[in-house]
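Student: Single-letter residue listing:
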Amino acid sequence: MTRNTKGQMRVIETILASFIIFSALTFVNIFAVLPSSPKYEISDLEKMGHNALHDLDDQRLLSRFVYNETEWGELALALTIFLPPDVYFDLSIYDVQGNRINQYFPIRYGAPDKVFATSNSTASVSYIIPGQQAEYNPRILVLQLVRG
Amino acid sequence: MMIALMIVSIGAIMYRVGTYYRQEQWEEYITLVEHVRLGTIRLVEISLANYTASGNNSTLKDNLDQWQNDLRKAYPGYGVTLTYNLADGTNINYFQGLASHWNETVSYSAANATFALNITSVGLEGYKFTATAFLSLTVINTTTNEITVAVTEEDGMPITNLKKDNFQVVGPNIISVTSSYDQNYTLVYTIKCDGNIPAQVTVRVWDQRGIMVIAKK
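In order, the protein sequences belong to chains A and X. Number 46 in my numbering belongs to position 46 of the first sequence; there are no gaps in the numbering. Count along the second sequence from 1, then add 148; that gives the number in my numbering.
Just chain A, with the same shape it has in the complex (with noise of 0.2 angstroms):
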């Protein structure tokens, strides 16, 4: 008699722990960003948004491709070698009243009706830059980016 409510009291204590098992691995899975989820997806392409402007201003290249009109097309290539070619981007170069300088001359990789305005994840990056050789001139570059 005793062997046997022993017994019950295991597969009581077994179902109490799966209990709450689960409820601990739901409750956590709320918190959880997940590979997935679209802010980790936003996240990543911010971050290699900013590895792309930052290596090409690191080598110098950022402010001769971005104050030189003719060398737009080159700014488009380079940021499309930087990135890898699922990701699609346009960037925008303001001055520091606002205004597009490149409203005429778009810089950008992928169609923007198709890959912008049907993606639900798009990040977007600000990058500064002062000036070109002697002249203080800033450009605020605004480079967003979406996976194909």
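I should point out that these hints are in silico values taken from the structure, not numbers from a laboratory. Quick caveat, the model's predicted, so the values are computed rather than measured. Built from N, CA and C at the ideal position, the CB exists for glycine as well. Do not take every clue at face value.
Lysine-lysine pairs mimicking DSS-like chemistry, simulated, CA-CA at most 25 angstroms apart [stated by the list, open to error]: (1) X/Lys312 / X/Lys365; (2) X/Lys209 / A/Lys47; (3) X/Lys312 / X/Lys364; (4) X/Lys312 / X/Lys276; (5) A/Lys47 / X/Lys365; (6) X/Lys221 / X/Lys276.
Among chain A residues calculated to face chain X with C-beta under 7 angstroms, some are [unchecked claim]: (7) Ala24; (8) Ile81; (9) Phe82; (10) Pro84; (11) Asp95; (12) Val96; (13) Thr122; (14) Ser124; (15) Ser126; (16) Ile128; (17) Gly131; (18) Ala134; (19) Val142.
What follows is a set of in silico ranges between Cβ atoms, one per label pair, in the way DEER data are often shown [stated by the list, open to error]: (20) X/Ser327 / A/Arg64: 49 to 59 angstroms; (21) X/Asn205 / A/Thr70: 32 to 42 angstroms; (22) A/Asn137 / X/Gly319: 51 to 61 angstroms.
Let chain A serve as the given structure and place chain X on it in line with the hints.
Tutor: Using the frame of chain A, we list chain X on its own:
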């Protein structure tokens, strides 16, 4: 046994969640700090280039005042505040962070400032860094139609990518500029001219950043 397993499992998951969150925060602001730092170094170089061209020794201060405001416009919502301290005096004789020692055999142009960066949105306060820009020109030797010079930047590193257009000699025209290894200076440039070089020759150099130095022999 079951309870122990449960505690270990939950502990491991909680640890991963916690460390992931901290890592993301760190990466976010370290990127912004690096942007501001690199942009500020570029600004100091631009200001020195402007100073060597115009002689305006308030250039660095004026540019930094504008840069402080423009950083806030570029990164709204981050609470970016950059304060600066311009070098004055020292062995290089800076004035408002800028110095030029020209018309000597060993001449140089220099800029130096220290910065403190606050980013209130991530709780960063007092991140300090120094931005320096330096260009030195040494006239080593002259012959009847050749001048040998050494050009160095910060930390005494030789500049390797200078061409004929980067140099100017007062008097004769430059025919060619070639670089070669030197035991003492690591890299030297030989400037070949089309006429006789005067005893008191003046040489100018501009590097790729636009900073100028004038040296005399």
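Student: Decide, hint by hint, whether the structure agrees.
Tutor: These are the hints, each one checked on the structure:
1. X/Lys312 / X/Lys365: holds, 20 angstroms
2. X/Lys209 / A/Lys47: Answer violated: X/Lys209 to A/Lys47 is near 32 angstroms, above 25 angstroms.
3. X/Lys312 / X/Lys364: holds, 18 angstroms
4. X/Lys312 / X/Lys276: It is violated: about 39 angstroms lies between the C-alpha atoms, which goes past 25 angstroms.
5. A/Lys47 / X/Lys365: violated, 51 angstroms
6. X/Lys221 / X/Lys276: Within the cut-off at roughly 22 angstroms; holds.
7. Ala24: holds, 5 angstroms
8. Ile81: violated, 20 angstroms
9. Phe82: violated, 15 angstroms
10. Pro84: Constraint on A/Pro84 not satisfied, violated at 18 angstroms.
11. Asp95: Violated, about 10 angstroms.
12. Val96: With a minimum Cβ separation of about 5 angstroms from chain X (threshold 7 angstroms), the hint on A/Val96 holds.
13. Thr122: Interface hint status for A/Thr122: violated (18 angstroms vs cutoff 7 angstroms).
14. Ser124: At 12 angstroms from the nearest chain X Cβ, A/Ser124 fails the 7 angstroms test, so the hint is violated.
15. Ser126: holds, 6 angstroms
16. Ile128: Holds, because the Cβ-Cβ distance from A/Ile128 to chain X comes to roughly 4 angstroms (cut-off 7 angstroms).
17. Gly131: It holds, given that the least Cβ distance between A/Gly131 and chain X is near 5 angstroms, below 7 angstroms.
18. Ala134: holds, 4 angstroms
19. Val142: A/Val142 check fails; min Cβ-Cβ to chain X is 9 angstroms, beyond 7 angstroms.
20. X/Ser327 / A/Arg64: 49 to 59 angstroms: violated, 23 angstroms
21. X/Asn205 / A/Thr70: 32 to 42 angstroms: Between X/Asn205 and A/Thr70, where Cβ atoms are some 34 angstroms apart, the hint holds.
22. A/Asn137 / X/Gly319: 51 to 61 angstroms: violated, 35 angstroms
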